[in-house]
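Chemist: Throw the hints in and build the complete structure from the sequences for me.
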Amino acid sequence: MSWTSLVLPELVLAGTALAVLLLDLFLAPDRRRLTAYLGLAGTAAALAAAAWLWVALEGGTGPATIAAKAAPIAGMLRLDTFALVFKLLFLAIGLLVVLLSIDFVERRGLPVGEFYSLLLFAVLGMMLMAASRDLVMIYLGLETTSIASYALAGLLRRDLRSGEAALKYFLTGALASAVILFGMSLIYGATGSTDLAALMTSSTVRAGTAAWFGPVALAGLVLLIVGFGFKVAAVPFHFWAPDAYEGAPTPVTTFFSVGPKAASFAVLLRVFGPVLGPAGGWSTAMPGAGALPTLFAVLAVVTMTVGNLTALSQRNIKRMLAYSSIAHAGYALVGLAVAAADPRGLAAIIYYLLAYAAMNTGAFAVVIWLNNRGTGDDVADYVGLGRRAPLAAIALVVCFLSLIGIPPTAGFFGKFYLFLAAIGGGMTWLAVVMVVNSAISVGYYYSVVRNMYLRAEAATEADGAVPAGAATAGAAEPGGPDSPGEPVPGTPLVGAALGLAVLAVFVLGFLFEPLARLAGLAGIGM
Amino acid sequence: MSGFPYLTLMVFVPLLGTVLLLTIPRDRVRLVQRAAAFFSLVPLVLAVVMWAQWAKIPAGVHGMKFVESFEWIPSLGISYFMGTDGLSFPLVFLTALLSFVAVVAGWHMIKDRERAFFALLLLLETGMMGVFVSLDYVLFYVFWELVLVPMYFLIGIWGGPRREYAALKFFIYTLVGSVIMLIGILALYFMAGAGTFNMMTIAQVAGSLPLIAQKWIFFALFLGFAVKVPVFPFHTWLPDAHVEAPTPISVVLAAVLLKMGTYGFFRVSYPTLPEAANYFTVAVAALGLINIIYGALTAMAQKDLKKLVAYSSISHMGFVLLGLAAGTQLALAGAMYMNISHGLISGMLFLMVGAIYDRTHTREISKLSGIYVTVPVVATIMAFSFFANLGLPGLAGFISEFFVLAGTFPISVVWVAMAGLGMLVVAGFNLWMMQRVLMGEQRDEYRGLRDATPLEIFTYAPVVALIVILGVAPGVLTAFLNGPAQDIVLRLGGM
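Going line by line, the protein sequences match chains A and B. Under this note's numbering, the residue at position 472 of the first sequence is numbered 852, and the numbers go up by one with no gaps. Under this note's numbering, the residue at position 20 of the second sequence is numbered 33, and the numbers go up by one with no gaps.
Rather than coming from a laboratory, the hints here were simulated on the basis of the structure. You may find that some hints are simply not true.
[As the list claims (entries may be wrong)] Between beta-carbon pairs, the in silico distance windows are:
hint : chain 1 : residue 1 : chain 2 : residue 2 : range
1    : B       : V32       : A       : G823      : 27 to 33 Å
2    : A       : L551      : B       : Y292      : 57 to 63 Å
3    : A       : P770      : B       : I482      : 39 to 45 Å
4    : B       : I70       : A       : F886      : 32 to 38 Å
5    : B       : T21       : A       : P770      : 25 to 31 Å
6    : A       : E544      : B       : H121      : 53 to 59 Å
Positions of the beta carbon are idealized from the N, C-alpha and C atoms, including for glycine.
Modeler: The structure is reproduced here in structure tokens:
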């Protein structure tokens, strides 16, 4: 295969992003929806291209396909199983987010062309991050995603909170990028290479010659952990996330919680998989590398605990889901903590990211669906939804059950796999901490469910025939992210995305065997 | 092995009912009620058919009958493995019967959001049935947790004034318990080293684990099961849940849900970790005796009929623990017998409390009096149920208590004496309650209340009949229980 066909999904996506920007210029304001459909079609085409690559590369076992998978693309990218899994995930997320955005963007008067092209560029950056085999390329992918994300957070231009979200996200994000870059430079200094594959070999070579290699490279790695800790909103680098999630347009929040976060985890897996994994390439050469699992374990515990405890006191559902998202990053970090002892840790993270993408997108889809119909974003606005919007309420319950980890949902199997890796890796205490956290998390998911079902009577009396939520607290600031604004009749697009996400919550659970095997392959193949 | 997938149908027909019920228009209440009854009748019919065939079918792998098995997640050794033996089949039958009874009882007791109620009740049946027939730990756990969700909504939406609190408390208690159990299961999986979640295979190899590992795993599993039973001091969710739950749900909760916990001891803890079980004998006996005596004394102090029955449940569940601790074949068989007899009797008690409440709109013992004069049929059935509850010879409850005590006697006379003390108290509060509620002057406001309807009598009849049959012909049930009880005795290495 030529290298252009190997990066076909990226080319399609980049082309679409540019075309969206151009098309937007030539359309009358009332026909801007066409731009959105172009973005949707482009993302779908990129997804189809990635699926085609998947069939071509994963289906075949001949020497040609194996060579194609192993071969670097322009010395910078790899198209291994790991990369393909993540590309498919990111494109699926992109597709769902576009579906979720169309009504919302129109209703809130967001700049249509900019919105979709930024979104697609962010997805493009994520795909590059997952496929990178070189530190420089990782950084380029990361910045492509980050810069697009900063702008996306601030797109509600008349809303102060959106501006605040963008500014906070930008300042902390830039700091994190600088830390990451510094870490990369230390690794380069110690090993003389930015190529991830070469690092594995040269590190062991250099270890014998220079005593300072170990500490410097280790410092670089720790800085990478800090920097990506910001990006995945791990505690104590999480403080930007609630504000950014609350202020950003809700479809963008959805995207932040599942997209760039998963991409950052992909990079952590790429870099630390070999360090921690069974090959243990670096750890022998680096005194002190043995402390990395402990570092990840501490990060995981603090992140999930702070995330869950803080979520308990939230009144705004977007903010609550932001802290929930922090907690879930903590769960995923458990996989890195145990990866050295049980290689299933890496596979468990990959599976967990797939599951989380489905269930969290589903939960946000309900928030958007309701918001489009005039329900505010406060937990109090959800009173009586079980009667008012039974399907949306059931969908939200399913997603929340999955987020808590109740079978037979994908979230259960994700946690089950992490438990399995943790106990198999001899870190049973970490599994116990996860258990306690899952129990805490019931508290805040519960408050929403309680409002939807158990507090129905009062709401139906109060609301009468008035469309729900319009009368309740959310209407305080017109135009604000909490404000329901004018209800729109809406298209079935959000409902379609919600249906897909809920379906995925079940299907990913039932497909645990093939997906876990795949995740295992991807984890080992790195 | 039978080719016909009895167990799969029993588990998933109610789930199919849940889905189909949601397609019926909300206001077609009668259709919803009948459909729900139909979908809960199917498992009952299947259970009767299985019973009829039971003796003819040779026991298959691991002594199981009606086995269904295929790989689900082979890379981790997880399979869809279902089967039933003498230990689980009576519980399967109990589940099928009481679920059907609860659905029919719900016909006239539930007047709000009927469709959702029956859909959730059927979902609950799927979960309970699945727990009793799953022989793979992961499958078992999936059903175990599946029970939580419908139960939460059934209490939370249709419950009494403090339903929010009761539903949340139930959810958190059982969730924490069961997730700790999951950790125990995973530890068992790794330490057994058999690369499978097959309960039977693990039971064969786990006995050789070092005692310290057995103890910890036993402890983790115990917590999960103990919350469901409930064992003191994890019992506080139960009175709250019972008082708030609507009658059909109280019935299912007491009759079937609590048995999931005791079933876990019989199926998992004792056969799989016999050394740890022997190690904890005194502790389990102590907890059992606390349950018996504390439950009885607390029941005595209750002003609310439902709470009284709830604490009486706690007391009776203590007999199951005592039988386990004694570990003789007779005591174990008695403990298993108690599972079934208590299921039937507590189901009846809650039905009767519900019948009284429907008519008088109160459950306060002090406000009730002269029920015999007012509604003689209801009062007679109620008296029957409470006599069964206090262990009247000739009824099912007596047999199980007698077996447990007789089986415990060779182990410890002190335990028997203390349990006997508890039984006296149980008899005391049952009689005292009946005297207050059934006898006495008829109250003016209760004059002219309607006596039992044909539908009510139809729902009570099979349960009442079984209570009598199991009281006079214990062989019907011990034919199932003796084998499993003997297996556990062998595992424990005892008499």
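Chemist: A separate judgement is required for each hint: does it hold in the structure or not?
Modeler: Consistency of the hints with the structure:
1. Checking the proposed 27 to 33 Å range against V32 of chain B and G823 of chain A shows it holds: the Cβ atoms sit about 30 Å from each other.
2. As the Cβ distance of L551 of chain A to Y292 of chain B is approximately 59 Å, the hint placing it in 57 to 63 Å holds.
3. Checked against the hint of 39 to 45 Å, the pair P770 of chain A and I482 of chain B passes, with Cβ atoms roughly 44 Å apart.
4. Range check, I70 of chain B to F886 of chain A: about 34 Å between beta-carbon atoms, so the 32 to 38 Å window is met.
5. At about 29 Å, the CB distance of T21 of chain B to P770 of chain A agrees with the hint of 25 to 31 Å.
6. For E544 of chain A paired with H121 of chain B, a C-beta distance near 57 Å keeps the hint of 53 to 59 Å intact.
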